[in-house]
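Given the coordinates of chain A, assemble chain B with the ligand onto it according to the supplied hints.
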Amino acid sequence: MNNTVSEEATELGQAVGEAIDAAGGVDLAREFERDPAARGDVVEGLLGPLGIWEIAPREDQVQLEAAAEACRAAGGRLLMYPIAERLARPDGKDAILLVPTTGRRVAVHADLDLNWAAATLRGDAARLTRRGPLIGEKLAKFVAEIDTEIDEDLPQENVELVITLQSWWLLGVLERALADTVLYTNERQQFGRRIITFQGTQFRLSDVVVAVQGLSELAKYTLWSIAHHGRSTALVDAVALRVSALQAADTVLRAGHQLHGAMGFADETNISQYSRHSQGYRRLPEGETRSELILAELISRNGWTSLFPIAAGAARRDAVRV
Amino acid sequence: MTEGLDVKTRPDFLAWLTEHAAELADINPRPDDELETRVDKSFALLGRLNAEGLAGWGWAEEFGGFGGDATDRAALYDALTEAGFGMPEQVGALEVLGSALTAFAPELARRMLPAVLEGRELWCQGFSEPEAGSDLASLRTTAKQTADGWIIDGQKVWTSLGHRSRWCGVLARTGDPGGRHRTLTLFWVDLESPGVTVRPLQTTTGEAEFSEVFFDGVVVPADHVIGEVDGGWKVAMHLLQYERGMWAWQRQAIMHAALDDLVATAGGHPTAGDTIGAAYVALAALRVRSRQTVARLAAGERLGPEVSIDKTLLSTAEHAVNDAIRALRVNDFLFGDDADSKRIRGEWYYSRAASVYGGAVEVQKNIIAEHVLGLPREDRRG
Ligand SMILES: Cc1cc2nc3c(=O)[nH]c(=O)nc-3n(C[C@H](O)[C@H](O)[C@H](O)COP(=O)(O)OP(=O)(O)OC[C@H]3O[C@@H](n4cnc5c(N)ncnc54)[C@H](O)[C@@H]3O)c2cc1C
Chain A
72 MNNTVSEEAT ELGQAVGEAI DAAGGVDLAR EFERDPAARG DVVEGLLGPL
122 GIWEIAPRED QVQLEAAAEA CRAAGGRLLM YPIAERLARP DGKDAILLVP
172 TTGRRVAVHA DLDLNWAAAT LRGDAARLTR RGPLIGEKLA KFVAEIDTEI
222 DEDLPQENVE LVITLQSWWL LGVLERALAD TVLYTNERQQ FGRRIITFQG
272 TQFRLSDVVV AVQGLSELAK YTLWSIAHHG RSTALVDAVA LRVSALQAAD
322 TVLRAGHQLH GAMGFADETN ISQYSRHSQG YRRLPEGETR SELILAELIS
372 RNGWTSLFPI AAGAARRDAV RV
Chain B
158 MTEGLDVKTR PDFLAWLTEH AAELADINPR PDDELETRVD KSFALLGRLN
208 AEGLAGWGWA EEFGGFGGDA TDRAALYDAL TEAGFGMPEQ VGALEVLGSA
258 LTAFAPELAR RMLPAVLEGR ELWCQGFSEP EAGSDLASLR TTAKQTADGW
308 IIDGQKVWTS LGHRSRWCGV LARTGDPGGR HRTLTLFWVD LESPGVTVRP
358 LQTTTGEAEF SEVFFDGVVV PADHVIGEVD GGWKVAMHLL QYERGMWAWQ
408 RQAIMHAALD DLVATAGGHP TAGDTIGAAY VALAALRVRS RQTVARLAAG
458 ERLGPEVSID KTLLSTAEHA VNDAIRALRV NDFLFGDDAD SKRIRGEWYY
508 SRAASVYGGA VEVQKNIIAE HVLGLPREDR RG
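Going line by line, the protein sequences match chains A and B. Residue numbering for the first sequence follows our numbering, starting at 72 and increasing by one per position. Residue numbering for the second sequence follows our numbering, starting at 158 and increasing by one per position.
No lab work stands behind these hints: they were computed from the structure.
Have a look at the derived ranges for each label pair, beta carbon to beta carbon:
id	chain 1	residue 1	chain 2	residue 2	range
1	B	179	A	105	41 to 47 Å
2	A	89	B	385	55 to 61 Å
3	B	191	A	321	26 to 32 Å
4	A	102	B	191	24 to 30 Å
5	A	79	B	420	50 to 56 Å
6	A	89	B	323	49 to 55 Å
7	A	207	B	422	20 to 26 Å
8	A	116	B	526	54 to 60 Å
To list a few chain A residues with every Cβ distance to chain B over 12 Å, as calculated:
id	residue
9	82
10	85
11	89
12	106
13	113
14	117
15	163
16	165
17	198
18	222
19	246
20	250
21	284
22	299
23	372
24	376
Glycine included, every Cβ here is placed at the ideal spot set by N, Cα and C.
Just chain B, with the same shape it has in the complex:
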């Protein structure tokens, strides 16, 4: 499945994973495991893959990696799903925050990345707030400078895997709130600090996928600023390329595996051909686009607003693939009590969220219209 991703110096991930799949079965974070189990296994799996010289490709040696670029990471994600592994839970935030740390805070990256690659830690992204979702620039969490660092106060919400994370990339206001995106700074915050409270939220399917995170006078050292003070928006725009681009790549790999499974079990359902065909077309479009994006990220190109196209293709493919699974496995979806049925329920609701997280689809369309096509801004008619 890795066609188009140039293999340079890295090992043959797929061959290694296929050979060791049985041996690693106990630490495979299978999509049908409960979330907490998936996280535990993800730690073990990434640690093992790192020890074997696999996980770490795509990250520079100075940060604890084995060298290479984004295509190496993409190849590993692809190979994992192709060899029947679940996606390790750490790699979503690793892509997003790792890219910000390495580009804007190399010293922190040197200290922080190894713990994730070695399977000891998990990170989360603290951007959204109750009053700041689509309009991220209106966020209210504040960071006040002290003699030797910063004090953070405020609340984040929908923080994926917040309850299992050690570190959080917190976007906070460091100046006049009227400054919107000009007075934001990204901080690297230890969630074990005094004053941090994490409360997991129940989702529709019952998994505690996201949390509320409260900061009450939390002390952050001066060298935990990512990028420049008041330069948080620039860092956020940089990492969004990975949040929208690389995440789409990871999800397409997962969806390919899910659609493969469906094809194997669809049987004689009256609309199987139609439904699966439509899903496959959406998924193929996503993969082709996403492969190009990964190559451009690897080449150090700045993608900017164009990556909203990837995110839009992602939500279309998520809806189509998971609607197909629901339609063709309706009994499992509704009341199956085995682990796999729970997985398809969870995935279906998660697919609905794909048009919301990482920027709602309507917002992506605005970006495409205004910043890719250069159309006039929507009339602000209050």
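In isolation and in its complexed conformation, chain A is listed as follows:
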């Protein structure tokens, strides 16, 4: 596999990041919270001119990587806009929405007036029959009511792609949360020293770095898998990436809150924003436990072709022993 990202993709990511930063960066999330209806036009104005909607991630690995880097850069500024869903749109649609299989019917960003395809984490295609208003609660500022029907006749497209690109968006958020926490603990002085110099703080930050690095490697592997494998294998890898992203998010944001002290609970602090606005993707369409169950189900149905297949290795060892 190839675990470096092409220069073109990195450059696009940078351009996306700069465009969002110029418009206020993370403050845009605060602005969108006050006026969610504005986000369509604002984001179009920022990202449209960069040509990102011309990216065709299904065409080749370079374009796939470019889409991923764009999502990561958007996540790194907590851009509350369905960039992953739009980049992963199937032909003839504007975007693809991941919808829950149990519980209340809601989805992140479903308020936006787009021609939506829909699918579940299991890979079933669905039909969106109704889009309701935003719920607007503190952790669900960009979550809207929906109605859906599973539709087995619909072609099942790009589910693994949207799951993967959303995980890249989350990766961006987590990298940013880590960077901000390092910055904060490096500046914050207590007991006459920077709190980053306490070994307790360093251990905690090390755990976070390990979680984020692990996720980032897996995220790159998953791109390669999507580009090189059939849909059923890629879907398993995509859901595995999602599970990994949810686990990493818990480690990163837990530590981020802890190391910011009381400051982390004041909503004016960015860590509070990351924690709050990432909840949607972290709990929807399925939370960690259900994502794990679905992963297990998919593995038993589709198999798991990893880089170093454990089962195959065991079989080989058995063969040698015989």
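Frame of chain A; chain B with the ligand shown alone:
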């Protein structure tokens, strides 16, 4: 649930509360009420319980109480949650500051305690500052002596319920800043004094739980010093036993009620057994430890650094219980728009704060290592 708390002369709190629960429903500060409503109802409830001869047990008669000790207070907190009441918002600060006032400023305690017990006032604790959190001894708010009292200047932050409080226990510097904990004094400050500004802060979940409090030339009378001048650290160490010990007891009662509710609604979630079991173990450990602590406080023992163990068990239990609630009620947690969903969101974020307030968990571990186990101090490698 009150097993192990010896009932002496006090009334049977649980029986009374159970009998009157329906009648008092309107003034029950339910955990799913908005903060401001909870405070209003807390005033009404405590006042009523005091009039009925319940709230006030655990405080000496000379301070307006009915006599008894910390176990009486603990029994009331337990009985309240068991009978389906929310914890009155005043009792957190009452435990902390009431214990300081009665021990170090009995004259002030006689004047001040009745207003809280009768449900007329709320207090807050003004210790932390923007530059002094974990390192409390570095605080910069100053108190300068005048002919007839003191003038306070400075800023406090994260002051819980500051915006609803009448009085604040303010720790201020009365000598050389280089003196660290040796030049601090605790003052009893009227937040309605000229020169005080209170600004509520928005928390992650949107409640104005804590405030910034600014003091600009605030005049404090001479008899509003708690303990000795430059003796504030000793008072602070005394009240920390209640802040860490009694608070843990109050929270374990609240968490028991929350976990009970969860058990009733968890249904067939795939990891319910595992998740709830782990939370229950953490909570049971906290309760057993905390019950012992309450008994020791009641016996007048000095707990000192050991109470950091209670605080550490508290943050572990808070994380486990509220993670369980979030995991098993994920839809409510995320976007439920009813009052109960708001409560579990608020409680979850508050549980995250449990490893920060009252001394961060890392600081508690340092205290346990250095002062309970007697291990060498961490190398200060700047
Ligand atoms: C909900 C809530 C309510 C509060 N209510 C009050 C109140 O009513 N009155 C009041 O005075 N204060 C209150 N506080 C403030 C509280 O006391 C402080 O938050 C606490 O002392 C930690 O200080 P800090 O937030 O400045 O964190 P900092 O001291 O900046 O520490 C940040 C983080 O750095 C790490 N750290 C710090 N020191 C060390 C060390 N020595 N070793 C290893 N790691 C370390 C820890 O992870 C810590 O969480 C409240 C806080 C919260 C969250």
